[in-house]
Each structure stands twice: as structure tokens, then as C-alpha cells.
Amino acid sequence: MAQEFGSLDRRAAVKALLADRGDLLVVSGLGSSSYDLFDAGDHAGNFYLWGAMGGAAMVGLGLALAQPQRPVLVITGDGEQLMGIGSLLTVAVKKPGNLSIAVLDNGHFGETGMQMSHSGLGAKLEVIAQGAGITDVTEIADMKGIDAFGAALKDLRGGPRLARIRISSGEVERALPPRDGTYLKNRFRAHLGFAVT
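Counting in my numbering, the sequence shown runs without a single skipped number right up to 197 at its last residue.
Think of the hints as simulated: they come from the structure by calculation, not from any bench.
Cβ coordinates follow ideal geometry from the N, Cα and C atoms, glycine included.
Among the clues, some could well be false.
[What the hints assert, rightly or not] Taking lysine-lysine pairs in the DSSO-like style, the calculated list, with each CA pair at most 30 Å apart, reads:
1. K94 with K154
2. K124 with K185
3. K95 with K144
4. K15 with K185
5. K144 with K154
6. K95 with K154
7. K154 with K15
8. K15 with K124
9. K94 with K15
10. K124 with K154
11. K154 with K185
12. K185 with K94
13. K185 with K95
14. K144 with K15
15. K95 with K124
16. K144 with K185
17. K144 with K124
[What the hints assert, rightly or not] Just the calculated beta-carbon pair ranges, DEER-fashion:
18. G51 with V172: 29 to 39 Å
19. K124 with V196: 34 to 44 Å
20. V196 with A123: 18 to 28 Å
21. G170 with G97: 34 to 44 Å
22. A141 with G51: 26 to 36 Å
23. T182 with V127: 37 to 47 Å
24. A141 with T197: 44 to 54 Å
25. T197 with K124: 24 to 34 Å
26. T182 with G122: 38 to 48 Å
Make the full structure from the sequences, and use the hints.
Listed below in C-alpha cells is the structure:
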């Protein structure tokens with residue numbers, strides 16, 4: 001049975017999360033999550049995943065483990081996280097204190113035609129994450145919750161944390177970030193202080 005979803009504007013929520021980003025590194029999942037991140041302001045510390053459906057949390061995990069002194073945020077959608085649901089188990093086992101995962105959940109597979117997702121049919125990603133062993137888990141339905149989650153993003157020891165953010169399923173105009181994978185990789189590496197060859 002389908003469940004009701006939130007009314008939060010996805011773009012406003014993402015902008016609020018990144019309002020005081022400092023040295024936050026951000027990995028965005030397939031499609032709309034990358035559009036939302038780009039719309040909030042392109043940044044060399046953004047790593048947009050264009051076609052790695054299900055991979056955002058694992059890329060974020062690898063980054064968090066490799067950069068333990070930098071806060072890492074994964075912004076992804078419910079469909080993308082459902083595709084990589086097993087990644088939550090690995091995140092829980094590895095326990096990176098600097099990793100946060102924000103799941104923008106509208107209950108639909110937005111990139112393939114707005115079919116109802118498992119989340120829209122009743123699966124609760126925050127409960128699944130908690131069952132996997134992630135202890136700092138929250139469901140967010142208003143901007144007050146966004147502000148509270150955003151305030152925790154720079155904490156390098158309190159994670160991993162996951163927020164299921166209940167967004168509206170309304171259509172928003174696409175804001176397309178760069179698509180050149182080599183450019184994005186090199187820009188991100190340079191931002192981290194690594195030589196680009």
C-alpha cells in the first residue's frame with residue numbers, strides 16, 4: 001500500500017544542508033541528486049556520479065575512510081539507495097565517524113519515469129539503516145530537521161549517520177553539472193591536494 005510523502009522542496013533542502021559547508025566533501029547519486037547538488041552551487045569538493053546507480057554510499061564510504069579528517073556527505077535518492085541497499089551494511093561495519101548519508105525520498109524512481117519505489121510502497125529506509133547497524137538515523141519532514149542534520153555534518157566522530165528526507169515528488173527543472181568524468185576526477189583530486197597527472 002502506498003504511503004504519504006513529504007512536502008519538502010528538494011532544492012531548498014539541499015541548499016540548506018550546504019549553507020555552511022566549509023571543507024565538506026559531497027558525493028551525489030545518479031540523476032536528480034546530482035542536479036540538486038549542482039543547483040545549490042558548483043564546487044570543486046562536489047563529486048557527481050552520473051551513472052553509477054547504487055554506488056553513491058560506497059563511493060562516499062571509500063572517500064570517508066581515505067579522508068578521515070574531512071567530513072563527507074552523500075546525497076542520493078531513494079531509488080538509488082534501494083539499488084545499493086547492501087552498502088548500508090558495509091557502512092555500519094566500517095563505522096566512519098565522518099560520513100553522513102542524506103536520502104532524498106519521494107517514494108518514486110525519478111530517473112525512469114516516476115514509478116512508485118519500494119519506499120513509496122512502505123519500505124522505511126531509516127529502519128533498514130538502523131537494522132544494518134547505523135545507530136544515528138533520522139527521518140526528516142521539515143526544515144527544522146534539515147537544519148539539525150546540517151549542523152551535525154561537520155562532526156568527524158559521530159557518524160555514520162543517515163537521514164531519510166521526505167521530499168515532494170513534484171518535478172523540478174534539471175540543472176546539469178559537468179559530465180566529463182576525467183575533468184570531475186581531476187578537479188576533485190586537485191581540491192584534495194593531490195597531483196593531477
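Hint check, failures only: 2, 16, 18, 20 and 25
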